Structure formats: structure tokens, C-alpha cells
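A.B. asks: The listed protein sequences correspond, in order, to chains A and B. First residue of the first sequence? That's 1 in the working numbering, and the numbers climb one at a time after it. First residue of the second sequence? That's 1 in the working numbering, and the numbers climb one at a time after it.
Wrong hints could be hidden among the right ones.
Copies of the same chain look alike in the list, so a pair counts if it fits in one copy or across any two.
As the list claims (entries may be wrong) - Below are the DSSO-like pairs computed for lysine-lysine, each with C-alpha atoms no more than 27 Å apart in a straight line: (1) 16 / 121; (2) 383 / 150; (3) 42 / 296; (4) 263 / 296; (5) 13 / 42; (6) 23 / 123; (7) 263 / 383; (8) 383 / 42; (9) 121 / 42.
Think of the hints as simulated: they come from the structure by calculation, not from any bench. Please read all numbers here as calculations on a predicted model, not as lab measurements.
Protein chains: 2
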Amino acid sequence: MRDVSVIGAGMVKFGKYLDTSMKVLARNAVNSALASAGVEQKQIQAAVVGNAMAGLVTGQECVRGQVVLREMGIGGIPIINCENACASSATAFHMAWLYVASGMYDVVLALGMEKLYHADKRKSFAAIGSAVDVELMEQMIAQMNAAQAKLKAERAARGEAPASGGAGESRSMFMDFYANFARAHMQRYGTTKEQFARIAVKNHRNGSLNPLAQYPEVYTLEDVLNSPVIAEPLTRLMCSPIGDGAAATVLCASSIAGRYTSKPVKVLASLLSSGVDHSADEPGVVTRVAQQAYEKAGVGPNDLSVIELHDASAPAELVIYEELGLCEPGEGGKLIDDGVTEIGGRLPVNPSGGLLAKGHPVGATGVAQICEIFWQLRGEADKRQVANPRIGLTENGGGMVRGEAAALSIHVFGI
Amino acid sequence: MRDVSVIGAGMVKFGKYLDTSMKVLARNAVNSALASAGVEQKQIQAAVVGNAMAGLVTGQECVRGQVVLREMGIGGIPIINCENACASSATAFHMAWLYVASGMYDVVLALGMEKLYHADKRKSFAAIGSAVDVELMEQMIAQMNAAQAKLKAERAARGEAPASGGAGESRSMFMDFYANFARAHMQRYGTTKEQFARIAVKNHRNGSLNPLAQYPEVYTLEDVLNSPVIAEPLTRLMCSPIGDGAAATVLCASSIAGRYTSKPVKVLASLLSSGVDHSADEPGVVTRVAQQAYEKAGVGPNDLSVIELHDASAPAELVIYEELGLCEPGEGGKLIDDGVTEIGGRLPVNPSGGLLAKGHPVGATGVAQICEIFWQLRGEADKRQVANPRIGLTENGGGMVRGEAAALSIHVFGI
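Throw the hints in and build the complete structure from the sequences for me.
C.D. replies: See below:
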């Protein structure tokens with residue numbers, strides 16, 4: 001397989017775009033990436049498009065990529081729509097990389113896009129809730145509702161007041177899951193709620209330096225701790241928001257990258273995997289894929305200069321520190337306390353603001369992470385630029401089936 | 001890029017499975033393909049899953065493949081969900097082929113699956129209607145409705161009876177498109193309605209020989225001509241039905257195929273493309289991709305022994321004869337009249353029964369076509385076996401954007 005480089009990247013500011021179609025968001029991201037690469041539309045030989053939820057949100061269930069790309073004059077080439085929940089566009093990038101790495105095409109576009117906001121919020125929530133086994137989830141909710149109805153009847157029979165609560169939305173079920181493992185981490189390692197909050201503070205501060213971030217506000221530790229509790233210990237500011245956005249990259253064979261740019265960013269490893277049933281002492285999917293990625297790239301965690309990882313919640317970032325081998329298990333809290341992962345630290349994590357502050361338009365997130373690493377490695381990240389980066393890593397997870405990520409992608413880049 | 005072979009194929013009988021989940025259909029198809037290949041689940045190194053419409057039909061918008069595969073113990077590997085409307089699983093097969101051809105993985109699964117039947121038929125129709133630009137379609141329907149309301153008001157003002165009809169369902173809009181080009185072909189070349197009907201008769205006769213076909217009934221020319229008119233000249237028996245189904249294939253590097261089977265079926269060409277704006281005298285997408293496929297495979301149309309093509313309607317098959325270069329433009333009618341494309345003819349087309357009779361569970365269709373060619377080339381097609389086949393071709397189209405196929409895939413196979 002031949003070497004592949006990223007030669008252009010572009011994205012729109014993530015945000016709430018109730019009156020802007022996905023076509024417009026995607027077009028702006030693609031045009032920005034093409035301009036960045038110095039590549040014209042007709043030079044694109046194939047396109048892979050990641051989107052997770054347009055079917056349920058806009059009704060555009062099929063040919064999502066073609067609808068967007070044909071409108072802007074890109075056609076007559078392979079266009080593939082791929083989906084892997086929150087890892088949809090890292091998967092699209094992986095496929096685009098494979099097209100080039102295999103030798104089949106020289107210049108390929110990877111696009112990630114998502115419109116989650118809808119005037120009818122139920123559509124957004126139904127879409128987000130579909131990143132699990134929907135059939136099982138419906139059964140679980142039915143069982144929970146039945147159990148609660150029974151409990152309610154029993155309490156009523158005893159003349160007690162009804163208990164509050166009900167079967168959660170799937171969105172909060174995801175956050176319930178994050179809250180569960182955050183509590184387990186606290187119990188096992190003594191990790192504190194303040195440490196989780198410190199991650200949110202860091203990522204929001206980073207986001208304030210990123211003109212493309214959806215939430216540029218800076219928050220104090222107290223702000224984060226005092227924001228509304230979603231599921232103990234998670235507060236609202238520790239959870240990634242809903243958003244709309246699009247991000248695009250142009251990949252080409254490294255052998256011809258010099259035609260387009262003097263600063264190509266090389267793909268050192270492109271890996272995708274999924275969860276599997278395993279025993280408690282076997283590594284989880286992130287650890288396993290990270291090991292494969294390091295081996296493939298010929299680097300270790302100590303060689304990394306900058307990371308964009310999937311902070312769908314603040315505790316997730318802390319645990320992923322450990323899973324990526326940035327520190328020993330249980331030492332994630334110390335890493336954030338010591339400032340190691342700050343932009344000015346030894347190993348900056350989520351300088352873009354991450355999902356927490358830059359935003360998380362599901363199908364756009366993976367490619368947006370890659371855009372950030374592209375800019376960082378080229379020294380183009382302006383106020384949030386990390387010092388002298390050589391090697392960058394992106395980690396993007398998607399969905400959940402039987403308690404593990406349905407999709408997990410890790411990319412390593414070098415300049 | 002290295003050579004790739006298909007070593008196993010399996011599918012379920014296409015049909016109406018209101019009470020059977022997609023998990024069950026997919027599991028049966030995958031197990032059948034694995035058994036056929038002599039490959040165990042744990043030997044599968046990656047899986048690409050094509051599905052077009054589960055989001056709108058079952059609500060499983062995300063991680064469709066993982067939900068199905070993890071349940072049957074397949075995980076810990078790359079699982080990619082891909083969508084290209086009716087060409088979803090040919091696209092999945094193409095990606096699976098690319099994984100192997102690139103050298104990245106040796107043994108890869110390609111699965112296509114679809115559940116279209118739903119107790120609430122509106123869900124099925126909304127899904128099928130989403131294989132076009134939904135935003136544009138809604139605008140068109142609104143304009144048509146406004147025009148019709150205006151007409152109705154004018155007729156009422158003149159004291160006339162209201163005209164019948166209204167803005168069509170998107171399903172019938174697809175068939176309107178097929179009817180339009182069928183009429184154009186009749187006008188330009190003198191093609192007759194009987195010739196279209198003869199294709200339906202052939203494919204239904206072939207389907208009657210296929211135990212996996214959804215509609216095994218045999219029909220006479222009169223039956224087809226006298227079945228209800230969908231859109232002149234299309235009658236119901238000239239249109240592909242709604243269906244549920246799943247189909248799977250196992251691909252591996254040709255260099256190791258001998259470990260599994262003495263009759264591997266080699267992939268001679270795997271191509272995917274999409275429509276593009278072009279002038280009237282430039283070839284359409286099918287012609288263009290066919291030329292590329294022949295070149296890649298080192299064969300011409302005269303070398304083909306058997307074809308499975310996308311007969312979403314009977315006129316489509318006739319026109320695709322010409323686009324694939326099986327005859328000159330305008331000679332498609334003669335080809336069916338002369339019996340060339342019958343199972344016993346010089347170049348059998350759709351011996352499986354095609355979409356018309358075997359059925360068309362959208363996301364399963366592409367891989368099901370490949371299953372049929374696999375069986376035909378290995379001499380395992382029983383009552384519908386064509387004589388001494390050496391080279392087979394599949395053609396699978398999907399969706400429509402700006403008047404051309406959103407996705408078009410052609411594969412050439414040899415034994």
C-alpha cells in the first residue's frame with residue numbers, strides 16, 4: 001500500500017443552522033478544503049461522505065452525498081455514503097485513504113456533514129437515539145416503563161406519593177452510560193468530579209481561541225461544577241452539545257503531494273475497528289486500536305505532539321488518556337491536574353475545543369478532528385497553535401452495541 | 001492491487017417478512033455465505049454492510065451493520081455501513097473488494113440487507129422516496145400541488161368536473177421516470193410495449209426456477225400486458241416489487257482462495273461511479289462505467305456468458321442491453337425478440353429472475369446479483385443454470401440526482 005497525504009482541509013463554524021441546508025454547509029466546507037489544497041472540483045476522482053442522521057432529521061435517507069456534491073458540480077466519480085454513528089466521517093476518511101493507498105485513485109475527497117437541529121426537536125432526539133440497538137432499546141424502555149408503572153401502582157396502593165422520573169430519552173441514556181463509567185472510575189481510582197470539570201474548563205478555554213467553535217465561551221471550574229446536573233457526576237458543561245456542521249479534507253498519493261503543497265500532512269496510520277465481547281482483563285476497543293495504530297505508524301504515545309479525541313463527555317476524555325497510553329490506568333486525573341494536556345502543556349489534547357466546545361455535529365466530527373490536526377501540524381492554528389508539533393493523533397468513536405463502541409477509528413499523522 | 005476472489009455466497013429467499021427482523025434475515029444470509037466459503041465467523045477480518053432504508057423503516061438509523069453482526073458474534077473488526085440507494089450493497093461489495101485488493105485484509109464479508117415491508121406502509125414509501133433529492137422533490141410536489149389546485153379552481157370556475165390525479169408518491173415518480181424513457185425509446189426506435197412485456201415474461205419464468213425468488217409465478221405475454229397500468233406503457237408486472245431480504249458474500253485474496261475452495265470466482269473488475277451533467281451526445285453513466293469495466297477486466301460484451309442487471313422496470317433491462325453494448329442502440333427489442341437473453345440463449349440476462357421476479361429489497365439487491373453470478377459460474381444454479389459460463393457481469397444502479405443515477409456499479413467475474 002502506498003503512502004497517502006492530506007493536502008487540504010476546510011470546515012464551517014459549527015453551530016445552530018436552522019435555516020441553512022446541509023447542502024450549503026457541505027458546499028462551504030468542500031470549497032474551503034479544495035481552495036486549501038489548490039485542487040479543482042474536476043480533479044477529485046472519488047468522494048466518500050460521512051453522515052449519520054440525515055434520514056431521520058431531514059428525510060434524506062438515501063444518496064446524501066450525491067445530493068450535496070452533484071449540486072456543486074461534483075459527479076461522474078465514485079461517491080460513497082458511509083455511516084458509523086459519531087465515527088461516520090473518520091470512517092469516510094479511512095475509506096478515502098484506502099482508495100488512495102490501494103493505488104486506485106490519486107486525489108480523493110472525504111466529507112463529513114450533519115444537520116441535527118430541527119424545528120421539531122423530537123426528530124433530533126430520535127436520530128441521536130438511533131446510535132444503539134434500537135430494537136433492544138425499545139424493549140428496555142418498555143421494560144423500564146412497565147417496572148415504573150408497577151412501582152407507581154404499588155406506591156399508590158400504599159398511599160405514597162408517586163416517584164419522579166421515567167424512561168430516559170436515548171440522548172440521556174448515552175450520558176447515563178458516561179456517568180456510570182465516570183462513577184466507576186471515581187470509585188476505583190479516586191478520580192474527582194473536579195478533575196472531570198477541569199477537562200471541560202480546558203476544552204472551553206481552547207474553544208474560545210477557535211473561530212470555528214460553536215461555543216466560544218470561557219468557563220471557570222465553578223461554572224462547570226454548578227451547571228445543571230445531567231447525571232451525577234456529569235453537569236451540562238461536561239457534555240457535548242447538539243450542533244450542525246460540515247468538514248472536508250482532500251487526500252492524495254504522497255508521491256504527488258508536492259504538486260499541490262509544500263506542507264503535506266502524511267497519514268502514518270488509518271485504522272477502524274468495532275467493539276467485541278471480551279473478558280474484564282482484556283483491553284477495550286480504544287486500547288486495542290491505539291496499540292495497532294502506534295505499531296502501524298512506528299510511534300509511541302510519547303512521540304505524539306497533539307491529539308484530538310472524542311470527548312463526548314469530559315470523563316470520556318480522561319479515560320481515553322489512559323486508553324491511549326498517555327498515562328497509566330487511573331492516572332488520567334493527574335494528567336489534567338498537571339496541565340499536561342493544555343495547549344501549553346507537554347501533550348496538548350483537543351486544542352480545537354473538542355466536542356465539548358467546538359461542537360459535535362455527529363457525522364462531521366471525525367473529519368473536523370483531522371482538519372484540526374492538519375492545521376496544527378502545518379502551524380496554521382493561530383491562537384490555539386501548539387508548539388513545534390511533529391506527530392498528531394485523532395480518536396473518534398461511534399455508537400454503542402452490547403456496551404462497547406460500535407465503531408472506533410484512530411488516525412496518526414506526521415509532518 | 002492484488003487479485004480478489006469470491007469464495008462464498010448466501011442469501012435468504014426474498015419476500016414479505018413482516019414478523020422477521022433484519023437481524024434474522026441478515027444472520028441467515030451471513031451464515032449461509034460462511035458455510036458456503038468454509039470460513040468461520042472469527043476468520044472474517046472486516047465487514048462492509050450495505051443497507052439503504054432501515055433508518056426510515058425501522059428507526060435503526062445508525063450502526064445498522066454492527067447491530068446485526070455483533071448479535072451473531074462478529075465484532076472487534078472494521079464494520080462499515082454504506083449506502084447508495086438501490087446500489088448500496090454493490091457499493092459494500094466494492095469496498096470489501098478494495099480492502100482485500102489493497103492488501104489490508106485477506107478475508108472480508110460483504111453483506112446487503114433490507115426490510116422494506118412495514119405495518120405502516122407510509123414508512124416504506126417515505127423510504128423509497130428518499131433515493132432522490134428530497135428537498136427538490138418536496139419543492140416539486142408542492143409546485144405540482146399548487147398547479148393542480150389552481151387548475152381545479154379554474155375548472156370549478158368554468159363549471160367543469162374536477163380532473164383526476166394528484167402529485168404522485170415518490171415510488172410512482174420513479175416509475176414515471178421509467179415510463180418516460182420507455183416512451184422515448186418507443187418513439188425513437190419503434191420499440192414496442194410487447195417487447196418490454198417479453199422481458200417481464202422472461203424474468204418471471206426465470207424466477208419460477210429460483211427457489212429464492214419472491215415471486216415464482218409464471219406469466220404469459222397477455223398476463224403482463226393486461227396487468228394494471230402503472231404509467232403507460234408500464235404495467236404492474238413490468239415493475240419491480242417491494243421486498244425484504246439479505247445477501248452475503250465472502251471475499252478473499254485470490255492467492256489464498258485455494259485454501260477454502262477449488263472453485264473461487266475471480267473479481268475481474270470492480271467499478272463504482274455516479275451520474276454527471278453531460279451533453280446529449282456523451283454516453284450516460286451505464287455506458288461509461290461498462291466501458292471502464294470491460295477495459296479493466298480485459299473482456300468485451302461478446303465474451304460475457306451471463307449477466308445480472310438492474311431491471312427495476314422491464315424497459316430498464318431493454319435499455320441496459322444497449323448501454324452495456326450487448327447490441328447497438330435501438331436494437332434492445334430485437335435482442336429480447338430473438339431470445340438471446342433467455343437462459344437457453346446466447347447471452348442469458350437475469351437468470352435469477354432479476355429484480356422483477358426474484359425481488360428488490362433495495363440494500364440487498366447488489367450482493368444478491370453477485371450471489372447469482374457466483375452460483376452460475378460455479379455451475380450451482382440448478383434448474384436455471386446457463387450453459388458453460390466463463391465470464392459474468394453484474395450491473396446495479398441506485399438513486400437519482402439531476403436525472404442520472406446517483407450510483408452505478410459494474411462488476412465482472414471470471415472462473
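A.B. asks: Which holds for residue 16 with residue 121 at a C-alpha limit of 27 Å: within a copy, between copies, both or neither?
C.D. replies: Answer is within: at 13 Å inside a copy they meet the 27 Å cutoff, but 33 Å across does not.
A.B. asks: Is it within a copy, between copies, both, or neither that the alpha carbon of residue 23 lies no farther than 27 Å from that of residue 123?
C.D. replies: both (19 Å within a copy, 24 Å between copies)
A.B. asks: Is it within a copy, between copies, both, or neither that the alpha carbon of residue 42 lies no farther than 27 Å from that of residue 296?
C.D. replies: between (33 Å within a copy, 22 Å between copies)
A.B. asks: Treating 27 Å as the Cα threshold, decide for residue 121 and residue 42: within, between, both or neither.
C.D. replies: Intra 38 Å, inter 41 Å, cutoff 27 Å: neither.
A.B. asks: Under a CA distance limit of 27 Å, which applies to residue 263 and residue 296: within one copy, between copies, both, or neither?
C.D. replies: within (22 Å within a copy, 34 Å between copies)
A.B. asks: Within, between, both or neither: how does the pair residue 263, residue 383 come out at a Cα-Cα threshold of 27 Å?
C.D. replies: For residue 263 and residue 383, the Cα distance is within 27 Å only inside one copy (20 Å; across copies 61 Å).
A.B. asks: Check residue 383 against residue 42 for me: Cα-Cα at most 27 Å, and say if that holds within a copy, between copies, both or neither.
C.D. replies: neither (34 Å within a copy, 48 Å between copies)
A.B. asks: At most 27 Å between alpha carbons: which applies to residue 13 and residue 42, within, between, both or neither?
C.D. replies: Within one copy, since 26 Å is at most 27 Å while 43 Å is not.
A.B. asks: Is the C-alpha distance from residue 383 to residue 150 at most 27 Å within one copy, between copies, in both cases, or in neither?
C.D. replies: For residue 383 and residue 150, the Cα distance exceeds 27 Å both inside one copy (57 Å) and across copies (58 Å).
The structure fails to meet hints 2, 8, 9 from the earlier list, while all remaining hints are met.
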